[in-house]
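Protein chains in written order, with our numbering: chain X, 428 to 819; chain R, 733 to 1116; chain F, 15 to 308.
Hint data in this document are derived by calculation from the structure and do not stem from the laboratory. Warning: the hint list may mix true and false statements.
Unchecked claim - Among the chain X residues that face chain F by a calculated CB cut under 7 Å, a handful are:
1. SER469
2. GLY470
3. ALA474
4. PRO579
5. PHE632
6. SER637
7. SER641
8. GLN664
9. LEU665
10. ASP668
11. ALA672
12. GLN673
13. PRO678
Small disclaimer: the values here were computed from a predicted structure and weren't measured. Glycine is no exception: its CB is placed at the ideal position from the N, C-alpha and C atoms.
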Amino acid sequence: MKKLIAVILALVMVLALAACGASGSSGKAENTVTIGVFEPASGDNGAGGKQETLGVQYANSVQPTVEIGGKTYNVVVKYVDNESSNDKAPSAAAELVNAGCSIVLGSYGSGVSIAGGPTFEEAGIPAVGITCTNPQVTEGNRYYFRICFLDPFQGTVLANYAFNELGVKKAYCLNKLGDDYSGGLVNYFIEAFEGLGGECVHEEFPDGNSDFTSYVANAKAADCGVFFSPVSTEAAQLIIDQVVAQGASFPLLAGDTWDSNVILQAAKGKDVKITVTTFYPEGANADFDNNIKKWINGNATNLANNGGDDTVAAVTAMGYDAYFFALAALQKAGSTEPAKVMDAIWNTEIEGVTGPIALEQTNGDAIRNTAFVKQADTASGTWIALDPVTIG
Amino acid sequence: MELRKNTKKDGLLTAAALILLFAVLLTMELTMKSTSILFTVLKKGVIYALVAVSMNLLNGFTGLFSLGQAGFMLIGAYTYAILTMPVAVKLSDSVYKYYDCAIGFELGILPSLILAGLIAAFFAALIGLPVLRLKSDYLAIATLGFAEILRAFFQWDAMGPVTNGANVMRQYKDLTKLRIPFTDIRFPPTLFCFLVSGVCIAIIVLLINSSYGRAFKAIRDDEIAAEAMGINLFKHKEMSFVISSFFAGISGALLAMFQYTVQAAQFKSAMTYEILLIVVIGGIGSVTGSCIASFLFIACNEWWLRFLDESSNNILGLNILRSGFRKVVFSIVIMIIVLFFSKGIMGEREFSWARLRAFFRDPFGLRSRRARKAATGGEVNGNG
Amino acid sequence: MQFLQNSLPYLLAGISVGGQYALIAIGYTMVYGILRLINFAHGDVFMAAGMFMVFLSASLPLGLAIPLVLIITVVLGFLIERIAYKPLRSAPRMSVMISAIGVSYLLQNCALYFTGGLAKVYPQLPWLSDTVSVFGAVTKRVTLITPVLTIVLVAALSLFIKHTKIGMAMRAVSKDFETARLMGIKVNTVISVTFVIGSLLAAVGSLLYFTNYASVTPTSGGMPGLKCFVAAVFGGIGSIPGAVIGAFIIGIAENIIKGLGWTTFSDAFTFALLIVILLVKPTGLFGEKATDKV
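Working from the sequences, and respecting the hints, build out all of it.
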């Protein structure tokens, strides 16, 4: 019995090896270019990562080929799950590098991008952040670019909104311990909010925490006028639930992660006010919205990945733009070689559904100064677009 | 014991095999693309081999069931990152964004590696004073608890000027910054990991085969008898604990070098469990077993079994293969090993040339089985 | 009054979490009492119960789903013992503990596979999920129900252990495994019953816990599991009232610490408590003094 199991185990290993060898040696067929997608499909940011990936998948279905240097290439999109975890990010990034990607897109969540960045830098493959807003992603890493706005900007917009529009003087800020995205955004929010003359109470919750009772109670006890918590959607559901359960009256404020139908579903029918800043308001480009809705509804897996309904998340639109940005960079480079793409990417410009995209020349960040503001309509479970905010 | 029995010839054979291994590594690094996943697996594998061997020194050779390995790796990784980060980076706000860095100097790679080990050992000495008086599973849960406390301590806001709070540490001297001394030529990173881990593992092996090692084994086999023989229980336990943590610290530092960024949140108890599983798969009490198992474990986890996660590999239209399936298969394999092969790959034995020769003469014991069968004329009750 | 008003939410949350921990801690303490095994997989059984509820309630009415969840969890606990622990009964204690860690790894990875790694929203249980107000502090009704239900269940369990034949057998086995076997007690049955009870309580605990914190992830059993084990050690391993009191203390202390703003240390505190108790009184609050057998 034991021997038999041992032999079977050994066989499985050999088969696995053979399979790997086979998939490795088959390599790239002629005229294909590989675009890597470095996104979480599990963990805290799994839901958001899947929505962002949907944008890329849809874009790929719209435009599966690209003309580079007079030849038509098939675009192969290689998806790797970075598990929303900074320690899994380097090996996931290494897998993309190993797959021979010409350019990499992602990731949702700044922490994994920061952690995976050096791997791309080392391999000389340019990476384009889709919605990672922390400045540290591109700072000091020449190979990381991004097409979205940054947290210092977003934090200022949110602080202004809280101070001027909501008329709040004291804000409660909550972020996840060791999470670069929420930690960074909260930091910039506090900076801006205190600059305006407000006061902040700042707390952090540890990884794996699911009990937000005390945090909400703390905010109530401190008599805060707004609850700012730009955390992952997983934690957001629990926070919304707890705020409702404790009958807290303050509005909730968050950044781009909360612009998701997960939040709408959690808040639907509840007495809670949620405002977020985001990259793209649904309805801004009717053509795009209608087509992607049709595509999402046409496939059960896509529908499930989008959280069960056809609300277009801003990150999906950003994923769509990122794909076309990558194609434009490839075309401009006239080659599938990462080094050439790297050179071309600095001057790549496109007109995306979320607005024009061009990069500044220091860190390779997008030149964007407009954030869209949305409020949740808890009765119908949809977003209401408020006036967009432009600074500078 | 095994080592002493080895003839001089076998010693030479081992040395030759090691030289060959390093030569092969060097040629591979010089000729193959450095981004190949093979190198990722080799580097991570050898780093885990070191920490697995260090854990084995405690669990397998001294009989102390400790689950604090991740905590000591955390100390090593952070010490290394803090010490080697260039002063210019520390002063700018690219890493220490919300704090002013309190450490105003930087050290080279080797001194930092050693200090990483020493500081981990120092913490271990402190922790060991109270907890080593505890027995078996109480010791396990207490060390696990200490690892969690260490993690919280490193994430603490007040420690921010040193540890950057809970935020990510980066831009220190990672594997790409390695240079051959006095030149500007890059040192092959995989070779470096193998050299450092190799030296450390060799030291552990020497220790195990010294009189201290025999004292450790005596404690493992029977504490009371060992004490009656005049072995100072606490002193030896503390020594084993501190030494094991020293090497865990170094492997933590190597891990930090390997993955470019390091963050306290990564060093959870799940990491200790992974290392423990490697030790078990390799065989509790076998150094070579731990090494083999760690390469197998990392390769399966990071490379060979990845195809199980790709839904495009599904056949017959079944939707079985999708993200996460790799881990399910992997954990089932681990359960099978734990349940049916509780001795692991090597049991308590070590690799030896004599055994290898015997194996080639008689693979899987088939011949001797047949011989026995012929001799008894009846059915052989294998131990299956 | 103002102070009470401010601190009441933390106390309420603490008591409710404490009750949920207590139900899990009993499983740890009973198993440890009998097998001398830290059942690392117990926290994951608790998580699995939550997952079963998520998947079953999607297609079945709650009235049917809840009993089914209890039954499936009990079967799971029983199977884990039979498959992963029973074959190792004569193996060293470390192998069994490693097997427990393996089972925990397996359960987590299965959950990861079936959920695709996403947090699942726990269904709202009518009545339990409703909001109520206590002295001005607003909370869910489950917060109030939990301690009551915990105490009722613990009382029932104590009666069961004191007054039934199998309960007596359990006490005998936990006192002395070998002698109990010699006395003709069917040790395997007793152990199975222990696991069944432990899993049942964990399933009830998961109903209460996840109604309060409405999302289940593959790792949501890990931390509560460890904390409950600490609670069991704190109260004196093997002692059921000890485990319950330990769980309440840990639940309340954790929430007070969060209320004081020391959130980074809310988990670490639990372990610090454990280490202190192990060093000062290794047998815990209510533990019997163990005699070391040579």
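Taking the hints in turn, this is what the structure says about them:
1. SER469: Status holds, d = 2 Å.
2. GLY470: This hint holds: X/GLY470 lies near chain F, its Cβ roughly 6 Å from the closest one there, short of 7 Å.
3. ALA474: Holds, about 5 Å.
4. PRO579: violated, 25 Å
5. PHE632: holds, 6 Å
6. SER637: Check passed: Cβ of X/SER637 comes within 4 Å of chain F, closer than 7 Å.
7. SER641: holds, 4 Å
8. GLN664: holds, 6 Å
9. LEU665: Nearest chain F Cβ about 6 Å off; hint holds.
10. ASP668: Because about 5 Å separates X/ASP668 from the closest Cβ in chain F, which is inside the 7 Å limit, the hint holds.
11. ALA672: Status holds, d = 5 Å.
12. GLN673: holds, 5 Å
13. PRO678: Status violated, d = 17 Å.
Hints 4 and 13 from the earlier list are contradicted by this structure; the remaining hints agree with it.
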